[in-house]
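Student: Taking the hints into account, I'd like the entire structure generated from these sequences.
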Amino acid sequence: MTSLSVKSPAAPAQTGVLVGIAAITMSFAAYSSALIVRQGASPDWLHFTLPRVLFFNTLVVLASSATLYVARPRSRATADPAGSGAAVDAPNLTWLYATILLGFLFLAGQIMAWRNLAAQGLTLSSSPSSSFFYLLTAMHGLHLLGGLAGLLYVVYRVRRSSPVRAVVAYKAASLYWHFMTVLWLYLFAILATRI
Amino acid sequence: MTSPHSSHAAPQSFWRKYVFSLDHKVIGRQYLDLSLVAVTTGMILSWLMRLHLAWPTRAIPFLGVLSPEATGGIITPEYYLSLMTMHGTIMVFFVLTTAPFAGFGNFILPIQIGAEDMAFPHFNMMSFWVTFVAFIVLVSAFFVPEGPPLAGWTAYAPLSAVGKDSGPGEGWGQTLWVISIAIFCIGQLIGSLNFIATTLDLRTKGMTLARMPYSTWAWFITSVIGLIAFSVLFPACILLLLDRVAGTSFFIPAGLVISDRLQPHSGGSPLLWQHLFWFFGHPEVYIAILPGFGIVSHILPAVTRKPLLGPRVLIACMIAIGFLSYTVWGHHMFMSGMNPLSATLFSVPTLIITIPAAIATLLWIGTLYGSKLRFNTPALFCLGFISVFVSGGLSGFFLAQPAIDSYLHGTYFVVGHFHFVMGVAAMFAIFAGLYFWFPKMFGRMMNETLGKWHFILTFIGVYCIFMPMHYLGLAGNVRRYSTFTVDYMKGSIPLHRFITVAALFTGAAQLIFFYNLFRSRFRGEIAPANPWQATSLEWTTSSPPPHDNFGGHHPVVYHGPNEYGVAGREGDYIMQTSPEPEPVAAAS
Ligand code: HEM
Ligand SMILES: [Cu+2]
Chain P
0 MTSLSVKSPA
10 APAQTGVLVG
20 IAAITMSFAA
30 YSSALIVRQG
40 ASPDWLHFTL
50 PRVLFFNTLV
60 VLASSATLYV
70 ARPRSRATAD
80 PAGSGAAVDA
90 PNLTWLYATI
100 LLGFLFLAGQ
110 IMAWRNLAAQ
120 GLTLSSSPSS
130 SFFYLLTAMH
140 GLHLLGGLAG
150 LLYVVYRVRR
160 SSPVRAVVAY
170 KAASLYWHFM
180 TVLWLYLFAI
190 LATRI
Chain R
0 MTSPHSSHAA
10 PQSFWRKYVF
20 SLDHKVIGRQ
30 YLDLSLVAVT
40 TGMILSWLMR
50 LHLAWPTRAI
60 PFLGVLSPEA
70 TGGIITPEYY
80 LSLMTMHGTI
90 MVFFVLTTAP
100 FAGFGNFILP
110 IQIGAEDMAF
120 PHFNMMSFWV
130 TFVAFIVLVS
140 AFFVPEGPPL
150 AGWTAYAPLS
160 AVGKDSGPGE
170 GWGQTLWVIS
180 IAIFCIGQLI
190 GSLNFIATTL
200 DLRTKGMTLA
210 RMPYSTWAWF
220 ITSVIGLIAF
230 SVLFPACILL
240 LLDRVAGTSF
250 FIPAGLVISD
260 RLQPHSGGSP
270 LLWQHLFWFF
280 GHPEVYIAIL
290 PGFGIVSHIL
300 PAVTRKPLLG
310 PRVLIACMIA
320 IGFLSYTVWG
330 HHMFMSGMNP
340 LSATLFSVPT
350 LIITIPAAIA
360 TLLWIGTLYG
370 SKLRFNTPAL
380 FCLGFISVFV
390 SGGLSGFFLA
400 QPAIDSYLHG
410 TYFVVGHFHF
420 VMGVAAMFAI
430 FAGLYFWFPK
440 MFGRMMNETL
450 GKWHFILTFI
460 GVYCIFMPMH
470 YLGLAGNVRR
480 YSTFTVDYMK
490 GSIPLHRFIT
500 VAALFTGAAQ
510 LIFFYNLFRS
520 RFRGEIAPAN
530 PWQATSLEWT
540 TSSPPPHDNF
550 GGHHPVVYHG
560 PNEYGVAGRE
570 GDYIMQTSPE
580 PEPVAAAS
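Chains as they are written, first to last, in numbering that gives the first Met the number 0: chain P, 0 to 194; chain R, 0 to 587.
If you're looking for bench data, these hints aren't it; they were derived computationally from the structure.
No experiment lies behind these values; they were computed from the predicted model shown.
Beta carbons are placed, not taken as given, at the ideal position from N, Cα and C, and that holds for glycine.
Among the clues, some could well be false.
As the list claims (entries may be wrong) - Some chain R residues well away from chain P (every beta-carbon gap over 10 angstroms; in silico):
#1 16
#2 59
#3 118
#4 132
#5 151
#6 188
#7 200
#8 233
#9 347
#10 350
#11 358
#12 441
Unchecked claim - Covered, in the sense of this in silico footprint (three residues per stretch, anywhere, with C-beta under 8 angstroms from a C-beta of chain R), are these stretches of chain P:
#13 46 to 59
#14 95 to 104
#15 107 to 117
Said to hold, decoys possible - In silico contact screen, one side only, chain P against chain R (beta carbon under 7 angstroms); selected entries:
#16 25
#17 26
#18 124
#19 191
Tutor: Pasting the structure below:
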């Protein structure tokens, strides 16, 4: 049965992720402007040194984007996943697993950063700066969990040996994942300069 | 390959068919059913408020039993605010956002573009059930100790942020409110995402953007606005929730004493909440009204038998409104301690945004001008829409001047303004859409005579309710007061009684609608595929459409939706799917 859509079946997944990225960008724009307003609102903003582990985490998340890129399906036929019957290479499983592992490592690192903060006596309500620290990292982490779910779905598709669908899923999931990396770089910059 | 439905044929089990359905048509109806429950709830709440305003010392029968907060059936000032908060929240979120956008949009949009379903049917189902949960969470505020919140649908901080100390309902009630709205945001975000991807990617062959029906355009633009607006309201709700339950101080200033207790918070900014809220809030009013623009523009050509005047201009206007709606939020904050320069900066775009709205109105009137209007119920509600939108829009001009607003802000003038322009106008669009699409949705016609009575009585009723409110506002009647028994406001009570009677009368008129709705559902005349001789794709398929919308074939589109009043042929219109060439005469 042919698809009703004018474009390739990859299109809705791709569009969906792009639209989702727009929404997430907007919500983090809201959090950041709240941060800026709140910092200017009164003198109770406590500056503290960011936990060291964040630098390590930044490297981890960058590495995860790299491994995900390496995992990409290689064959040229993949340029058009809708191409009927054309041989398509699935994304590379090993590198996908590596990415997922790095993703979990990143999350573990973020939790370490929280524990580090808590050990200094900085809780969610200690100061607006620590409030925003916990809030922004938690929100990013939750979105990243969604990205991990996406990657696991790609793995599932590869293992079910449905390469066409795996490639569609890979494209959507990796777009989202790279966005998560960029988002973290942005947040890290905000945290480093403001806190 | 994988089009949304090829993986699942029409579902057989009860649960998949009616409850956790993936079919956009079922989901659309679920949204409409939800908003029907919501609008009934909201309306009953408004009667309670109106009764109390008119006869403040009379006990309302049974109310004392139902809600312990209203001792002996007399509504306290606090309980009045709770009723008002729930009324506003239910109406704005669960009726005006849910019905015209999510309800009709879900049912009609995929059919109008020739798709089998939404781009992401599972997300679609989720968006409805998430919205449903949000509604349950909100309504459960009636059943917690101290009852529902009283901070208004705008939930201004610090009142909404400090918890129990700030009044009854500000404990559990307000927490449930914040959670409900946060959940609602998620539902709307998923829904908007789906609408956007569907419109961009699932259009059938020949359905270019320029050939999309205006209702689809409106839903598409609305979903873009909604995507941005709810992406900001969600973080705002999270911050508010943290202030309430986690001891943070985003919105609560230092040294705040409420109910003789120093609040254990410091340094927050109440204005920050207002900015975040209205950055969502003003676009939200267009989320409520733009689908109405689309519905009216879609119905008008079919009832006037003329092409819509300036269709490109109309779409440009809607896009312009979408952009501008993000530049005007400050006009809700003129009185919040804003410096005069910022006030002017927000006043200017507020006046500018009236231009596209006015142009759209002129296009509708121009379409009506000199036409042989078929006075059926959808047509009447379109006329009603235009009428109340103009009435409400005119008062917006006054409010847009900071100097005038400083007097009118917080009075019944504003209440009259937004009820006309947002509440009643959107309701009329919902009614127009329902009378128009009911045959498609249920395969039966609604009763015309009852429909006309419903329109006439409702039309007279809403003018009797909301027109006098402008006068009350000018006379200094402040809003959000539960009684006007003191000093200078005493004189307004007779007028308030008149409004209350009109409100009860209008409510009673809705019984005609409910009767018509349920009767027609089972007993109505069987509807043909195209009862209104309209051109768009939903009228090319059976009423109601089959599970995959077009019964296995894929429509191909040759025309825009505007081919009405075509001379020199049997019918005076050309279906979008008709391969015949475009006649020159249709270009008028
Ligand atoms: C003709 C263009 C419009 C102008 C110039 C305008 C202007 C304004 C202004 C200045 C206010 C603030 C009044 C105050 O609180 O003191 C206001 C309030 C309001 N407007 Fe409009 N408006 C327009 C159209 C609309 C539309 C189309 C809608 C809805 C579909 C709408 C819904 C509302 C609502 C809900 C409020 C009150 C919110 C609240 O404080 O609870 N307005 N309008
Ligand atoms: Cu506004």
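Student: Could you work out which of the previously given hints the structure breaks and list their numbers from low to high?
Tutor: 3, 6, 7, 8, 13, 14, 15 and 19
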